Amino acid sequence: MSGSIRHLYVHLPFCAHRCGYCDFVTIVGRRGQHAAYVDGLLAELALERELLAPELETIFLGGGTPTFTQPRELERLLTTLPPAAEVTVEANPETVTPPLAALLRRNGVDRVSLGAQSFQPRLLAVLDRVAGPDDVRSAFYHLRDAGFDNISLDLIYGIPGQRPSDLDADIGEALALWPEHLSCYELEAKPGTRFTHAHGAELRRQAEAMEDYFERVVQTLVGAGYRWYETANFCRVDPRDLRSRHNLAYWRGRDYLGLGIGAVSTVSGERWRTTPRLGPYLAALGADRRPLREVEPLPDSVQREERVMLGLRLDEPLPLEAVATSLDPGALGRLERLGLARRVLGDGEAPAGADAGAVTLTTRGRLLGDGVTADLLA
Amino acid sequence: MDLDHIRNFSIIAHIDHGKSTLADRILELTKTVSGRDMRAQVLDTMELERERGITIKAQAVRVSWKAHELNLIDTPGHVDFTYEVSRSLQACEGAVLVVDAAQGVEAQTVANAYLAIENNLEIVPVVNKIDLPQADPDGAAAELAELVGGKPEDVLRISAKTGDGVAEVLDAVVERIPMPAGLVSPKAPPRALVFDSSYDQYRGVVAFVRVVDGSFAAREPLRAMAQGTRFEAEEAGFFAPTMKAADTLGAGEVGYVITGLKDVSRLRVGDTLTSERRPAAEPLPGYKDVKPMVFAGLFPTDSDDYPDLRDALERLKLNDAALFYEPETSQALGFGFRCGFLGLLHMEIVRERLEREFDLDLLVTAPNVAYRVLERDGDWLEVHNPAEMPRELDAVEEPYIRASIIVPKSYVGPVMELNNERRGRFDHMEYLSPERVLLAYELPLAEIVLDYYDQLKSRTRGYASFDYDVAGFREGQLARVDILIADEPVDALSMIVHREAAYSRGKALVERLRQEIPRQFFDVPVQAAIGSRVIARETVKAKRKDVLAKCYGGDITRKRKLLEKQKAGKRRMKQVGAVEVPQEAFLAVLNLNDGGKK
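Going line by line, the protein sequences match chains A and B.
Numbered continuously in the numbering used here, the first sequence closes out at residue 378.
Numbered continuously in the numbering used here, the second sequence closes out at residue 976.
Extracted from the complex, chain B is given alone in its bound form:
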């Protein structure tokens, strides 16, 4: 197909603003899937997935509309996956930006719109759900026009649910979104951007590609330019919406290449594929390597499950290149893994998949961020675990984020107050409409990973929407706080906190531990310390009585069973020096901020 009949676009939207419904309607309207088959087809795919363990996502669906080939490229819907959104957007020339007519612009809409604008995409603004009784299409259209710098009349008004206006969306895609640029000649050295990948246990790594120059065909020796990985394309094709093999994938087109590679790490997203025989001179501009910013320890509650956890992480990693993990040993929690995530949602998703799909019972430590520490020799060391942080710190840097928060104007005060408590730096404020305000702040990521989102929601009665992207590392006044039980430091409980918060956080933790640690035969001091300086102290007072009063001939068996229970309880304890601490105590402390997040 010639380039001026190809359009590549994404749909971007806040969760629940109707992205999937619009995508479904587009598939129906373009007869890619008949209305009757819609459900059946989806079900078939799921059965296939179950039977063969294939987890190929339909990342880029090809549809036909008025003699044009449209490639609809899927984007993940959440703040943590900004980087995935951005790489998907690099495969497009335009984006349909969907806003719920009843909800208006949300923080995530703003973040996604800015991403699209940064990528030089043409934006087709759409107000969805105009059929809802509480819809305010005019208000939403005005906000949207303001956001993308257009006129409210250019904003399309649709109902993806009823199908009303969907054809106009496709027309606008054809009319407004530019055709792809690239070298069409089959003789041109081919280049294709890998914008995502997936893993099929039978066929290996499946690369999702956007062809820029030349064309690709099956049985062709290929090379990934950045990594140097060589392989032969087993198959090239596109999704409609299931995989359809094609003779060639030409310039401007979007599709897949089955690589046969058995190791996902050998083909990185962002790399450029070229032909081994006619290699291109320069790779396409790739993506920044995305680094995990949020870290937490994952430990099986039953130490026998450790090998299962390792296998499960390996398998998740196949389809989630952003997931990072390395073995971690904690004297309190045993063997586990320190895992790195893009953000909190990513962490929640991984945890939930591990628990649901792999049936694992996990203990997840309180999350922390990545830190950069200046070493004696002048090098910067990245630290993922508070326990690895040097006790005395010269200079530490912590990641900051740019946060966009959208709230009704009456909640500006509470949000500012929260951000001040969280060491936020005010950047600017804009009125999206007379009623709704966007607040831009810079905040340390560490202040977000605990309970920021819950706090934001509760202080704005649920009205605030929030999104962020990472702004980089900044120096912070940070301290490593260690927790000592009977003078033994407990690695799993070390934390990095802002100096001003060290005392109150240390005190809270120590108090909680005092309540959770069962009384022993001796006094157990529980301390929080920075270096050798103790900043908080509590004592678990020694037990003075532990004996049942009465024991005669008829009581012996019952007493013995109680004793055996007591012994079994001791066996389940974790030993910290001479102190026996039940795992539940660590759990209670580590999950301190876990309440109500799911």
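Pulled out of the complex, with its shape left as it was, chain A reads as follows:
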């Protein structure tokens, strides 16, 4: 018997050290436990296997630092996972050596997401990043040398002390590498992190400057030939579709299964988060039981709301029919008049009923996406 889920997320929590701004479930060091953890993942996969479709579309290995995992264990995991059309692994630049790049390549990985964040040593230090600018570049070349033709770079802007010229330099350095894909995030002060404690006040002060930064990022990358296909994501305009298929699944409201500590799954109107604690996780799976999970039911109305919230992050039109009952009837017209949203029909006809056609946001509308979404929802 098999299920219908075509998207699998696997969490690899181990890191060499913890960066101050990070609020993911991470575990520093513990090299001795990597094998046990991979055993756990594989046991969990076996327990949930029946949820998965016979053929997966995407697998995403996130972290943590997946490439910090002991190479032998990483390889064991990759060879045991089912095949998928797109397999992405997140990597930190300092971990990417030629052997590692080769290991990923020979085990079916076809996409690497490289956490560059910045090319300024001063700003990388603020973020507690280990890698320097040269590490980013050499990691990128090692991946290219190993045959990767789909590499994504992560950049962070809004780092305390970052001047507009620093941002321009970071974008310039990234473009010089000409990656297939770029993710650009504004640094968020996540509550409870060391970073927020140290820099929260500075982040609040610079909030207004971030409006400029965001516009600058979008303008520069679009000008350089990238498609701004999601709020924070860009891909090269190319005969291939270089969007992240895995992440598109989230944004289109598809079901997905997450494996590992702290991993989130959304399956048939239910969302759950597996315990973030390593000990209980391993103990449960050692006894062939499901680890503890926190379950959140997703009624239809909530699913529609999420559909709008996520769908409006994309540059593709969001069909109205499925979500019409959750929308404020007057809002779309208002947003259209403000030049923030547009109603579109597939074949260019004039829109008919209230739930006919689809909605797409203008550039300004996308920059104001959260506010627009809040407006649009009833």
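I should point out that these hints are in silico values taken from the structure, not numbers from a laboratory.
Just so you know, these numbers come straight off a predicted model, no measurement behind them.
The beta-carbon is built from N, C-alpha and C at its ideal position, and this holds for glycine as well.
It cannot be assumed that every hint is accurate.
Unchecked claim - Interface residues of chain B toward chain A, partial, derived using beta-carbon atoms under 8 angstroms: (1) Ser788; (2) Tyr789; (3) Phe899; (4) Lys921; (5) Asp924; (6) Tyr930; (7) Thr935; (8) Lys948.
As the list claims (entries may be wrong) - Under 10 angstroms between C-beta atoms, here's a sample of chain A residues computed to sit facing chain B: (9) Thr231; (10) Val237; (11) Tyr250; (12) Pro299; (13) Asp300.
To be verified - With a straight-line Cα cutoff of 25 angstroms, these simulated SDA-like cross-link-like pairs (lysine to any residue) come out: (14) Lys945(B) x Thr362(A); (15) Lys919(B) x Glu186(A); (16) Lys919(B) x Val218(A); (17) Lys928(B) x Ile27(A); (18) Lys190(A) x Ala176(A); (19) Lys937(B) x Gly132(A); (20) Lys948(B) x Glu211(A); (21) Lys943(B) x Gly132(A); (22) Lys190(A) x Pro768(B); (23) Lys945(B) x Gln961(B); (24) Lys928(B) x Gly132(A); (25) Lys190(A) x Ala818(B); (26) Lys943(B) x Leu332(A); (27) Lys190(A) x Ala946(B); (28) Lys923(B) x Arg938(B); (29) Lys885(B) x Val912(B); (30) Lys923(B) x Thr360(A); (31) Lys948(B) x Gly132(A).
Fit chain B to the supplied structure of chain A, relying on the hints for placement.
Only chain B this time, still in chain A's reference frame:
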């Protein structure tokens, strides 16, 4: 009792100069209340009030002193209640004027003394608190003698706290204060002045009366002469200090009549009671109808509390005839009431009672005064709300006050400066003593209602004392300033200001609003305008970014919760045209001058 054994008097004093302590000592000394019962009795009354919701104040207590019946009539202690003081004084022939030996004469003492003199009362000047180490009884006595036109030797020196000299005060009341005048004959058509009233939920309106002619008894059909209200007296009596029924209340006496009326508005203070069977030909001279001069909008911060606010105001009104209210709707603040008050303290008291006794959370708009506007047809229209004022004004009148300010002489300069800024007109200045000066000014009331008192206190390091009474309406160079948010006028923010101040006030308000209004999807102009002429303008710049960067599988729930919060925030916004303005923004602007008043 025959008239020459009756004395009716009040104690008048500045707050904290010892009025209540003296009254307590008098009750003890005359054995009206024993020292031991004093506390118990007061407590009993309060419990009774709690249990039955009675709010009868002991307005006039009868005591016996050396074969005389003395009626001590209470007066409210504050500037806003001048009119209440004056009506209480009309029930008396004399007043004990108390001054703190350490503080000397204060502006309020002056105002009250003048009121007493205007009412032809005999004044018994008393310097209190002579036991205090910092007391200056000679200095205070000299000031007091100067004020009432007597000799310092005639000023009594007492300590109400220790009881020292209190007997002499009672002797002086008997000796110096004249006996009441009136027709004693039981056959004379009875007349009694209603000088105050109270409401008891079981017994209805209780009238506090001073009998002038004839006598009153229970079960007698009575009539209020001005209003024509008829009722049967359920009970007549006096306070000693609790209510004691009496067979009759005779000429010269002070007491109460329980009317059984269920509506306070049917018996106005100042009316004359007479007998239905033997009616008097002429009513007694009544009081001027007191009009509220200070107005403000009261809005519940939670619109669901509107019915509670209405009920609370109705109940307050039962015991506070001076309180005025009418429903007001504001597009920015929703449903509320425009309330009229005698003055700022009255407003504060009402607000505090509403919040404390009725547990309401209120938004009070900046107060304004009553205006008189000349209409096209030549009639004068009284306006209580800037939003109701015609946009183009031909002639407007505003209330002026006569202010008395007493300060140490070194602060005369700063006070004059303040009064000049506030459009004050200097009237005169007198030296109460070599050190202390009384400044008399005429000022527009509108200049007082904002932060005048705070300014006066801060510029004189707290030394100034201040009192006023209303002098009448005068023409003013006034303008209505409207505030527009995205070209929509906001009713709650309209204000009437002097033309010269219009620009700076408009600018200040508009700047403040610019800071308080959250940025929207579009530029929002915020303007101050007189008629169609814009006098100040600011722009709330459009928001350019409102989106969280990262959103993957593990973030969705958190993002959705943030979104729901954002939506809930929008729902709490007030809509001004297309602009969403949080209630807090109005609050910040309207309470602009609220700082440190309590």
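Given the hinted pair Lys945(B) and Gln961(B), is their alpha-carbon gap at most 25 angstroms? Answer holds: Lys945(B) to Gln961(B) is near 15 angstroms, not above 25 angstroms.
Assess, step by step, whether the Cα of Lys928(B) is no farther than 25 angstroms from the Cα of Gly132(A), and give holds or violated. Satisfied, since the Cα-Cα distance of roughly 24 angstroms is no more than 25 angstroms.
Is the shortest C-beta separation between Lys948(B) and chain A less than 8 angstroms? Nearest chain A Cβ about 6 angstroms off; hint holds.
Taking 25 angstroms as the top limit, are the C-alpha atoms of Lys923(B) and Arg938(B) close enough? holds (18 angstroms)
For the restraint on Tyr789(B), tell me whether the closest CB of chain A is nearer than 8 angstroms. violated (43 angstroms)
Lys190(A) and Ala946(B) were given as a pair; does the straight-line alpha-carbon distance stay at or below 25 angstroms? holds (22 angstroms)
Is it true that the CA of Lys885(B) sits at most 25 angstroms from the CA of Val912(B)? Since the Cα atoms of Lys885(B) and Val912(B) sit roughly 11 angstroms apart, the hinted pair holds (cutoff 25 angstroms).
Close enough to count: is the Cβ of Tyr250(A) nearer than 10 angstroms to one in chain B? Interface hint status for Tyr250(A): holds (5 angstroms vs cutoff 10 angstroms).
Using the nearest Cβ pair, does Val237(A) come within less than 10 angstroms of chain B? violated (22 angstroms)
Quick one, are Lys919(B) and Val218(A) close enough, alpha carbons at most 25 angstroms? holds (21 angstroms)
So if I understand the rule, the pair passes when the alpha-carbon distance is 25 angstroms or less; does Lys919(B) with Glu186(A) pass? It holds: about 22 angstroms lies between the C-alpha atoms, which stays within 25 angstroms.
Hinted pair, alpha-carbon criterion (25 angstroms max): Lys190(A), Ala818(B). Please report holds or violated. violated (62 angstroms)
Hint check: violations occur at hints 1, 2, 10, 12, 13, 18, 19, 21, 22, 25, 31; the rest are consistent with the structure.
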